[in-house]
Amino acid sequence: MPRPTETANLYEPESLDDFSDILENNEKVVVYFYTSVDSECKITKPIIRSLAYKYKDILFFLVNVDRHEDIADEYGNIKRTYGGYARVYRRTPKSKVVLFQHGQSKAEIHGFHPYAEYGSNAYDIYEKEISTTFA
1 MPRPTETANL YEPESLDDFS DILENNEKVV VYFYTSVDSE CKITKPIIRS LAYKYKDILF
61 FLVNVDRHED IADEYGNIKR TYGGYARVYR RTPKSKVVLF QHGQSKAEIH GFHPYAEYGS
121 NAYDIYEKEI STTFA
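Read in order, the letters of the sequence shown are residues 1 to 135 in full-length UniProt numbering.
Calculated from the structure, these hints are not laboratory results.
Model, not experiment: these values are computed from the prediction.
Cβ coordinates follow ideal geometry from the N, Cα and C atoms, glycine included.
Hints are not guaranteed to be accurate.
Okay, the calculated beta carbon distance ranges per label pair [what the hints assert, rightly or not]:
(1) GLU108 / PRO46: 17 to 23 Å
(2) ALA135 / ASP66: 31 to 37 Å
(3) ASP57 / VAL37: 28 to 34 Å
(4) ASP18 / TYR123: 26 to 32 Å
(5) SER36 / ASN77: 17 to 23 Å
(6) LYS128 / LYS56: 14 to 20 Å
(7) ILE43 / ASP21: 29 to 35 Å
(8) VAL37 / ASP70: 16 to 22 Å
(9) TYR123 / ASP57: 26 to 32 Å
(10) LYS45 / ASP18: 20 to 26 Å
Using 25 Å as the maximum straight-line C-alpha spacing, the simulated DSS-like pairs for lysine-lysine come out as follows [to be verified]:
(11) LYS106 / LYS45
(12) LYS42 / LYS54
(13) LYS42 / LYS128
(14) LYS106 / LYS28
(15) LYS56 / LYS128
(16) LYS28 / LYS56
(17) LYS128 / LYS28
(18) LYS28 / LYS45
(19) LYS56 / LYS106
(20) LYS106 / LYS54
(21) LYS42 / LYS56
(22) LYS45 / LYS128
(23) LYS45 / LYS56
(24) LYS128 / LYS54
(25) LYS28 / LYS54
(26) LYS106 / LYS128
Model the full assembly from the supplied sequences, consistent with the hints where possible.
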């Protein structure tokens, strides 16, 4: 069973098998793939926590790609490189949010977006994607 964080619906995975079962057996899951050395990831983590407080009917997971390389490779398409830095599609380390529905990836948000072209902040971008994907 995954370890709960300070929020009832925000978890950290225990193992690949356990995580796979959770994805398959839950309708809505938001997974935040991050690395502990990237400053953008440190900014995004509190945003994910805030969204977990708001959306009580959705499971949220924090997956540290340095600690859970197998989960990151299987579900986030994230490969580790030398020095423990995560790289998403051969770019510099970035956070990545993947929205799963019944075990299938439905949407992805790459990197940190402080401001979108229309003035939205990162919270608004993630919230819009969650609300439209799981509508």
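Contradicted hints - numbers only: Violated: hint 9 alone.
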